[in-house]
Amino acid sequence: MELLSFGDTGWGDELFFATLMTIAVSIAAMAIGFIFALIFTPLKLSKNKTLNVIGNCYTTIIRGVPELLVIYLLFFGGTGAAMYVASIFGYDGYIEINAFITGALAIGIISGAYSTEVFRGAILSIDKGQFEASKVLGIKKYIQFYKIILPQMLRLSIPNLSNVWQITLKDTSLISVTGLVEIMRQSYIAAGSTRDPLFFYSVAAVLYLMLTFLSMKLINKLEIKYSKGY
Amino acid sequence: MISIFPGLLNGAVITLQLLVTSMFFGLIIGLIFAILRINKNPIINKFAYGYSYFFRGTPLLVQLYLIYYGLANIEFLRNSFFWVIIKEPYWCAIIAFSLNTGAYTSEILRSAFQTIKKGYIEAAQSLGVTKKITFYRIQLPIAIKQSLPAYGNEIILILKGTSLASVITIMDLMGEARKVNVLTFKPFEAFITAGIIYLFITFIIHNIIKYLEKKYRFQT
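Chains A and L, in that order, give the protein sequences.
Going by this note's numbering, the residue at position 201 of the first sequence is 201; the numbering climbs one at a time, nothing skipped.
Going by this note's numbering, the residue at position 65 of the second sequence is 65; the numbering climbs one at a time, nothing skipped.
Extracted from the complex, chain A is given alone in its bound form (with noise of 0.2 Å):
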C-alpha cells in the first residue's frame, strides 16, 4: 500500500493523474469519433454507389485491422507526412506530433467506425412513415434530419453507444506504446522503477474495472432519462 501513496514516495499521485489522461483521451476519441460517424453514416446510408462504397470501405477496413497498426500508422506515418507538407512550405526542421493528438486521432478512427455502425443501424430502426410524414407536411431536408432523426437515433443508439465507449475506454490502453502517460505507460513506468509489475498491473486492471463500472452506471442513467415516454 505505501507504493500507492500519494506524493514523492509512492505512485498514488501519478497514478491519479494517468487515470484522468485515460479519461480525457477516451473522451476525445469519442468526439472525434463522432465527427468520423456523422460523416461516414450518411455515406452509408446513400443511394449513390459511389458514396456508398466510400462508407462501407472505411468501416470495413478499420474494423477489420488491428488497432493497434492503425495507431502506428498514424504515429511514425503521420511525422513523416506532417515534415513533407511542411517541406512544401519551406520549413525542413523536425517536426512532432503531439502524442495525445495522434493517440486521440487514431482511436477516434476507430471508435468512428463502430459509431458509424450504431447510427446506421438506429436510423435504419426508425419507422419508415416517419420520413414520410415529414416529407408529406413539406418539412425542408436538414429540418427532417435535425428535428426528427437526429433526436431518434441517439435516443436508439446509447446502449450500442455504451458498448462503442467501453471498447474505445480499453483501446487507449494501446496508445502507451506511443508514450502518450496514461494508466497503462505510467504502470509500465512504476513497474520498471519499483521492479514489481504483480503490483502495480493490477493496480492498472483495477482501474481499468473501475473506469468501466462507473460509466456503466452512468450510461444506464442516461438510458433511463432518455427512454422516458416510450
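Simulated from the structure, these hints should not be mistaken for laboratory data.
The reader is advised that the hints may include incorrect statements.
As the list claims (entries may be wrong) - One-sided excerpt, in silico: chain A residues whose CB lies under 8 Å from chain L:
id, residue
1, Pro66
2, Gly77
3, Pro197
Even for Gly, the Cβ is constructed at its ideal location relative to N, Cα and C.
Here the structure of chain A is known, so what remains is to put chain L in place on it, guided by the hints.
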C-alpha cells in the same frame, strides 16, 4: 517493396498460429464457463460472472502484461514446473488471448443457451431422454448453431488482438511490420502491406463463417 513480403508472410504464419491455438483453448474455456454461468448454484455462478467481468472489463494489453511480466514475479511459480511455459513469451501470449477470448465466448454461448426454447427441453424430458443426452444432443448443437454469427465477430476480434503479441517481442505480422519500419523508415509501406494481409485474413474468416451459417442454419 517486394523484398519486405517474405518477412511479413512469415509473420502472418505466426499470427495464424496464435489465432488458431488461442481459439482452440478459448472455445474450451468458454464452453466450461458458459456451463458454469447457467448453473443454479450462486457461488459457481458468481465465480463465472466475475471471470468474464474481469476479462471483458480490462484491456487485453493489461492482461498480457499481467501474465508476461506479473506472473514471472511470483517466486513459487518461478521454481515450479510452470516456469517452462511462463518464461516463453509465445505461451504467455496464448494464455492471455485464450483467457480473454474464453470470457467473450462464454458470454456468447451463455446467451445462446438461454435463448433455447423451453419447449425443446420439456419435450426431451417428457420423452424420457436423460439430462446428459438432452444437453449433448439438443442444447449444445442448437447453442453452437445460434452463436455462429457472434462467434465469427469474436474470431476477428482475436485476430486483431494477436497483434498485441508484437509488444512482448513475438515476431508476428505486426512485429515484422514494425521491424520493416525500423529498418527502412518507410512506415506507410510496412504498415499498409501488413494491413492488407490482415484484411485478407479477416475476409477469409468472414466468408468461412458465412458459409457455415448458411450450411447449419437453424430453423425455429
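Could you check if A/Pro197 really has its C-beta closer than 8 Å to a C-beta on chain L? Interface hint status for A/Pro197: holds (4 Å vs cutoff 8 Å).
At a threshold of 8 Å, is the proposed contact between A/Gly77 and chain L supported by beta-carbon distances? Constraint on A/Gly77 satisfied, holds at 4 Å.
A/Pro66 as an interface hint toward chain L, with CB separation required under 8 Å: holds, 4 Å
In summary, this structure violates none of the numbered hints.
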